[in-house]
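Fit chain B with the ligands to the known structure of chain A by using the hints.
Quick note, the sequences are listed as chains A and B, same order.
Offset between the first sequence (1-based) and my numbering: plus 458.
Offset between the second sequence (1-based) and my numbering: plus 188.
Among chain B residues calculated to face chain A with C-beta under 7 Å, some are:
no.	residue
1	Phe259
2	Thr281
3	Arg297
4	Phe299
No lab work stands behind these hints: they were computed from the structure.
For every residue, glycine included, the Cβ atom is placed at its ideal position computed from N, Cα and C.
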Amino acid sequence: MANPAKTLAAPTAADRAATDMAAIIKDAALFALVTFGLCVPIVAFRTDLSQTSALDLVPRWGLVAILCGIVFVARLGQRLVLANRDARRALTPSPTQATEAVDATPNASQKISAYALPAFLGVTLAFPLLAVLGTGGLGESRYWIDLGILILTYVMLGWGLNIVVGLAGLLDLGYVAFYAVGAYSYALLSTVFDLSFWVCLPLAGLFAGLWGMVLGFPVLRLRGDYLAIVTLAFGEIIRLVLINWTDFSGGAAGISSIPRATFFGIPFTADEDGFAAKVGLDFSPMHRVIFLYYLILALALITNGVTLRLRRLPIGRAWEALREDEIACRSLGINTTNTKLTAFALGAMFGGFAGSFFAVRQGFVSPESFNFLESAIILAIVVLGGMGSQIGVAIAAVAMVGGPELLRNLGFLKAVFGDHFDPSEYRLLLFGLAMVIMMIWRPRGLISERAPSIVLKERKRISGSLVKEGHG
Amino acid sequence: MSVAGINVLVDETRARAAGTRAPLLTVRGVKTYYGNIIALKGVDLDVNEGEIVTLIGANGAGKSTLMMTIFGSPRAREGTITYAGRDITRMPTHEIARLNLAQSPEGRRIFPRMTVYENLQMGAAVNGGAHFEQDLERVCAMFPRLKERLYQRGGTMSGGEQQMLAIARALMSRPRLLLLDEPSLGLAPLIVKQIFSAIKELNERDGMTVFLVEQNAYHALKLAHRGYVMVTGTITMSGTGKQLLDDPSVKAAYLEGGRH
Ligand SMILES: Nc1ncnc2c1ncn2[C@@H]1O[C@H](COP(=O)(O)OP(=O)(O)OP(=O)(O)O)[C@@H](O)[C@H]1O
Ligand SMILES: [Mg+2]
Chain A
459 MANPAKTLAA PTAADRAATD MAAIIKDAAL FALVTFGLCV PIVAFRTDLS QTSALDLVPR
519 WGLVAILCGI VFVARLGQRL VLANRDARRA LTPSPTQATE AVDATPNASQ KISAYALPAF
579 LGVTLAFPLL AVLGTGGLGE SRYWIDLGIL ILTYVMLGWG LNIVVGLAGL LDLGYVAFYA
639 VGAYSYALLS TVFDLSFWVC LPLAGLFAGL WGMVLGFPVL RLRGDYLAIV TLAFGEIIRL
699 VLINWTDFSG GAAGISSIPR ATFFGIPFTA DEDGFAAKVG LDFSPMHRVI FLYYLILALA
759 LITNGVTLRL RRLPIGRAWE ALREDEIACR SLGINTTNTK LTAFALGAMF GGFAGSFFAV
819 RQGFVSPESF NFLESAIILA IVVLGGMGSQ IGVAIAAVAM VGGPELLRNL GFLKAVFGDH
879 FDPSEYRLLL FGLAMVIMMI WRPRGLISER APSIVLKERK RISGSLVKEG HG
Chain B
189 MSVAGINVLV DETRARAAGT RAPLLTVRGV KTYYGNIIAL KGVDLDVNEG EIVTLIGANG
249 AGKSTLMMTI FGSPRAREGT ITYAGRDITR MPTHEIARLN LAQSPEGRRI FPRMTVYENL
309 QMGAAVNGGA HFEQDLERVC AMFPRLKERL YQRGGTMSGG EQQMLAIARA LMSRPRLLLL
369 DEPSLGLAPL IVKQIFSAIK ELNERDGMTV FLVEQNAYHA LKLAHRGYVM VTGTITMSGT
429 GKQLLDDPSV KAAYLEGGRH
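Chain A with its partners taken away, still in its complex shape (with noise of 0.2 Å):
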């Protein structure tokens, strides 16, 4: 009686193995037939003229044998990656999904982020040290300090669009408009009115808070995509204005000649009144730009700062509460209106402080740095992130704005892809490469759960008292 039942059992580890490496092979090879099809019409021939100034036909076949090769091995990784993952997922349920008891031990994305952050402040507080030392002088770091400056800007912006899109639920694609309420409230109080940055800069967080309420009011009642609407109309309203209303905001020219950033009052120049003589330094171009940079991450830390807070006290748990429902909220005596409108105000607040800065640091605004692809690559950054994590939206805010630069230095393509090859032309196809493969891999964000608002001290007492005398 051995042999049916050794004919009944179940296929062997190794013979699952086999089937399953047959299937992903087979897989992988109908996806690099489908690159194949697409890249026919696409790749395949490229047009030249000719001496004759007839259009020559050039057939690119090893292009297209390298792109299918490519495509094929990819999707062979993806389906082998994906497999050891299930395998693995199937042996270790997550603890939110255990049928026993949870422990309050924070889990492995919780333990990464307690050490990422630090990690993080510490290289951002620095960069403009490792830039100097690593680029061998003050002047040549500049690059890579006013690249620093942009990523903590988008840092920011991201941070701040965090608490209307992460925190509160609300799909706010018109953030950018409280970016350039920001810029041109100071382009404006300090040209026409003579008031330095300082005073200037919670002026510009304020106006920019109240055109969050006005935008806040009459959408009150939406929700996701028509709220997504309205406000991607308020965006472009606001720039419309700015660029058509030009006894104000200067129009399409913009404003230019904005008062540089003082050291509180001390200007960077290059005379006896300047700040690098005061402090006793040569005088160098780059002391204002290290000072913006410090400048910018000064606010970026405030904005994670107060978020951080607020996330602990009533107003940030009803914010999230909102975002999860809506009619339990109102049922719970929590008032959704102001609940609201404080999210559109707070968010708003911080983009008008991230504009000042912009402004105070360029200069010169004008409305075409405030379109829509401004407001798409912010709450990009969110989404990335993963909605309402701050660590998450940093890292997303360093790869969509660095990512982008590190094109620039990748001049060995050309030895592949021939002269004409400019790796930074690619940017906005990589882009979306980018988010295509993020949101296969990581669906809900890079950093997708979401860490209870619970501080670990009360977090143990209550277990102490609670958990630990018994279940039921």
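Positioned in the frame of chain A, the structure of chain B with the ligands alone reads:
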């Protein structure tokens, strides 16, 4: 024998006390519409202080609509709703919730991405979390399952656990009047019993007034001091729990002719 005698005595005093108490919630001639469709066709109903009142009725009768109308969404188009002497007919929902009135709505509506603990905190938010620790221990004693799962995300709990959480969340604000819409939905019979005895205890020990909407008519009417029957948007019958239980038409329609 003596034990039964005492029980009868207690029941009588309870009924008498309930009868003499002032009405806490009065619903008069309430009509509610969804667009042009009328869902409540003029409902009259009273809940007295210290009572358990049950509302039974077929699917789609309008029980949940009445519950939500009391909470101000949807709003009654006609009629008045008075709670503790105040007209709350036109009050916004969140202000009604601050009047010491809590609700465990149909479909639970817990916050899925928040932990059980945070859900309970949301329930306590109305009174600023004043007695949070105490109340937490109280609901944990009532539902030990929640105690085991304080840090699990609400959305990953089983349906019955979510139901317990919804009730516990409503209790966190120490309501004077508790509105429960089908608390036994999706729960195992043993848990249903526990929940009903918990309701009874809350009523007897803490003097909490309870308005209960139930499909589980037998248990609900047995528990309640008084009951109402709703048919397509109107109250067709009312009486003490016992009267309704004994009524042949109620028996035929809601008790399958016999017990449950
Ligand atoms: N949002 C809505 N829009 C339109 N009609 C609705 C809406 N909600 C409920 N109704 C209708 O109102 C009537 C009463 O619904 P309600 O939910 O109050 O019933 P119920 O007595 O609670 O039923 P059940 O026992 O099944 O929960 C039903 O006919 C229902 O279809
Ligand atoms: Mg119902």
